[in-house]
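Quick note: the sequence shown uses our numbering, first residue 1, plus one each step.
Okay, derived cross-link-like pairs now, SDA-like style, lysine to any residue, Cα gap no bigger than 20 Å in a straight line:
| hint | residue 1 | residue 2 |
| --- | --- | --- |
| 1 | K139 | F165 |
| 2 | K139 | G150 |
| 3 | K139 | C77 |
| 4 | K139 | F179 |
| 5 | K139 | E171 |
| 6 | K139 | A175 |
| 7 | K139 | G127 |
| 8 | K139 | D177 |
| 9 | K139 | S170 |
| 10 | K139 | G166 |
| 11 | K139 | V152 |
| 12 | K139 | N174 |
| 13 | K139 | I128 |
| 14 | K139 | R182 |
| 15 | K139 | A169 |
| 16 | K139 | S151 |
| 17 | K139 | D176 |
| 18 | K139 | T167 |
| 19 | K139 | A153 |
| 20 | K139 | E149 |
| 21 | K139 | D178 |
Label-pair restraints from in silico Cβ distances:
| hint | residue 1 | residue 2 | range |
| --- | --- | --- | --- |
| 22 | E171 | T206 | 41 to 47 Å |
| 23 | G150 | E320 | 38 to 44 Å |
| 24 | E82 | S151 | 29 to 35 Å |
| 25 | E82 | T258 | 33 to 39 Å |
| 26 | R126 | D254 | 16 to 22 Å |
| 27 | D178 | E52 | 38 to 44 Å |
| 28 | R126 | R295 | 41 to 47 Å |
| 29 | N336 | G127 | 24 to 30 Å |
| 30 | K139 | A339 | 39 to 45 Å |
| 31 | I128 | L249 | 15 to 21 Å |
| 32 | G365 | D177 | 47 to 53 Å |
Honestly, the hints are just simulated from the structure, not real lab data.
Glycine residues also receive a C-beta, built at the ideal position from the N, C-alpha and C atoms.
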Amino acid sequence: MIEPYPFLHRLRVHADQSRGQLWQLAVALLAATLISIHSASARSITGERVAESFALPVLQDLLEAAGETEGKLMRLCEAPSEAALTTARDAFSNLVRAWGRVTILRFGPLTSENRFDRLFFWPDPRGIALRQVQQVLAKGEADLSGLGEGSVALQGLPALEFVLFGTGASEMTNADDDFRCRMAHAIAANIVSVATETRDSWRADTEFSRTFRAPDPQSDLYRTANEVDVEVIKALTTLFQYVRMAELLPAMGDSLETARGRRAPLWRSMLTFELAAQQLTAANDLLRTAGYRSRLPEERRWVVDTIRIEIETAIRLLSEIETDPQNAFGIPDDRNNIAFAMSAVARADTILLRYLTQLLGLYVGFNALEGD
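Please model the entire structure based on the sequences and the hints provided.
Next comes the structure, spelled out in structure tokens:
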């Protein structure tokens, strides 16, 4: 049959083609929108907040504190004096506080290349760091330029603490023998180097940081947002167990009589409890930054609140101790504070693993202290 109005047929064909093109365009726009939404949501997960609002700031603080310590030690070596030594020790104290806030990041960059151990070789039950530092100081002839390539026990804060506060530290005010001061400066310079590597690895343009902020199903690091959340929870539980089991418990002994404060880290500089308080403060900050409380139903937010209360209780108890760590573990009132603080940290850890992980739908396996 011949159509009486051929142009109508052409119009219908054109309309059908237009509808097809419009449909394809709509599908393409919808796909682009969904991809955009997915991308936006991927970059707003826990990883983005933790990287930008916690990890990078505390690592920058560590780097600046390390640089300040290196500078003070250089000036001490150039012009030895009691005042210069005191200034260098004060800088070290600030460095320890900054390190305390970083220790919770015990995954990714901080565990690569042995960086954690190079910065803080602990626990050290056999006294390896002390023995090696004493040997180097006794010889007084070592080439310090390769310190960062040698034993990790010689590279970090425990080694630097002994050089600055241990037996013979007063010699650093003697201009006739500057080896001890040069060794302290070399250790501080190495800490600057390791801190720089760690900070740079958290920056947005690295493979680790990209996948931590935006998990990729094809990545070997983090494939889903849940895996990032698991990493953060593992960081928290690792920190809780590290403070209790590696830093405080060994010095407690079984009784007042068997307490051994010298088994605690940084007892010479009297920074043991300050370190632990800063570590727990960082745990609270990380928990807040991760935003887990807002992800829970209103009637379940007490879980995060309780964890934070336990952490704050432990911080308060440790901050009340004025006795030097060498003796505090064997003094009844101070020992009670330490014991109650450890119990509060243990409760925080239990609530974290028993309740918060369940509410977030997470499964947490081994932590950094147990292996993975």
